[in-house]
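All chains should be built: construct the whole structure from the sequences, respecting the hints.
Chains as they are written, first to last, in full-length UniProt numbering: chain A, 1 to 195; chain B, 1 to 195.
Warning: the hint list may mix true and false statements.
Remember, identical chains collapse to one label, so a pair may be satisfied in a single copy or spanning two.
Restricting the straight-line Cα-Cα distance to at most 25 Å, the calculated cross-link-like pairs of lysine-lysine (DSS-like) are [claimed, not checked]: (1) Lys40 to Lys186; (2) Lys176 to Lys40; (3) Lys40 to Lys183; (4) Lys183 to Lys56; (5) Lys56 to Lys186.
Calculated from the structure, these hints are not laboratory results.
Number of protein chains: 2
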Amino acid sequence: MNFEGLLEAAHNVVRSLSRPWDDRLNVILRYCVDHGAFPKIGRLSPEGEDLPTYLKLYITRYYGAREQRLEFRAVGTTPDPAVDVILQAFIGLSDLSVVSEHHRQSMAAENLLGLLLERYIAEQLEPQGWVWCAGNTVRSVDFLSGDLSTALQVKNRDNSENSSSSAIRQGTSIKKWHRINSKTGKTNWPSFPVK
Amino acid sequence: MNFEGLLEAAHNVVRSLSRPWDDRLNVILRYCVDHGAFPKIGRLSPEGEDLPTYLKLYITRYYGAREQRLEFRAVGTTPDPAVDVILQAFIGLSDLSVVSEHHRQSMAAENLLGLLLERYIAEQLEPQGWVWCAGNTVRSVDFLSGDLSTALQVKNRDNSENSSSSAIRQGTSIKKWHRINSKTGKTNWPSFPVK
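As C-alpha cells, then:
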C-alpha cells in the first residue's frame, strides 16, 4: 500500500468529518502500512475495494475512543443456564440469580478495568512522545513510540490471553506487558518497558 | 516430518508407559503431521532436538485427558483488588468478598462446563467414527473425522474467543461450532456439523 496516497485519503476523511487532523495518526498509519497491521472492521479491510468507507470507520473509531467518557456498562450477554446447573450440582449453591448477577458485575468491572488501564497508561506515555493507538486502530498494538521503534501491547493480567491470541505476535517485535500476575497478585509496574 | 518414523517413536513411548496402543492416535498424529498442527508443550515442539521427551509429554497428556475424572476445581488465580475498587466506586457495591467469591465460583463452573461439553460431544461422536483430540493434542482442533476430511473446533459460547484467537484458524479448513449464543441464549445443537 502506498503511504502517501493513504495519508491523503485519511486527511480527506478527517476533513469530511469536520475534525482537526491529529498528528498522531501519522505514526499510527505509518506503522499499519509498514507492518500490515490494519485491523479488519466488520468485513472491511483497507486492501478492499472501498478504502474511503474503511477509513471513515477507522478514523471515527479513533476519535471516538479518544473522546469516549468511560462508564460502568453491564455486560451485553445472556447468562448461560448450564452454569447454574453446574453450580448447583457440584457445589450445592442455591441463590443462583444473585451469584450470576455478581459474576456479571465483576465481568463488567474487568472490562472497564482494561479500558481505564489503557487510558491511564496513555496519560503517562503520550507526554513522553508515545502514541496511543486509540480504538484498536493497530492490530495487537496499544502504544507506539513516536519514532516507531517500539510497539507495545498492554494487558491487565498475564492470563488475559490464551495461546491462540499470543500466537498473533509471533514473528513480530511487539513488546507485551501486563499489569498484574494472576497467580501471585503482584503488580508489574517496575518492569514497565518505558521509563 | 516423516510420519512412519514419528509413529514408531510414538509406539515406543506408549510401550514405555506400559499402555495399550490407542488406534485413534493414528488419526491424530497423521493430522498433526499433515497440517503442522502439533501444539507446543511448554517450550518443546516436535521439530526440536528432543522428540522422545516431547512425545512422552504428548502421549501422557492424551491418555491423562481420557482418564481424567472431572471435578469442580476452584480457579487458581488471585482476585485483582482493582476490580473491587471499580465495583465500589462505580456501582457502590460493598459486600466485595462475597461478590468476588461468586465471580470465582462462576468462572470455575464455566471452565468445568467447557470440559463437560467436550466430553459429552466425544461420547456422541466417537461411536460414529470420529476421534476426540483429547488433551489438546491438535492445535485448534477438538475432533477429527476418522477419514481426516473434517476437523472441528467446539466452543461453549460464540464469544469464547477474541479476534486474535480466531485468526489462528485463517487459511485452515477447521470448522467451528459453539453451543450457545451469548446474546440470545439460544443453543445451536440443530446446526451441529455432524449428523
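Sort out which numbered hints this structure fails and list those numbers smallest first. Result: hints 1, 4, 5 break, sorted rising.
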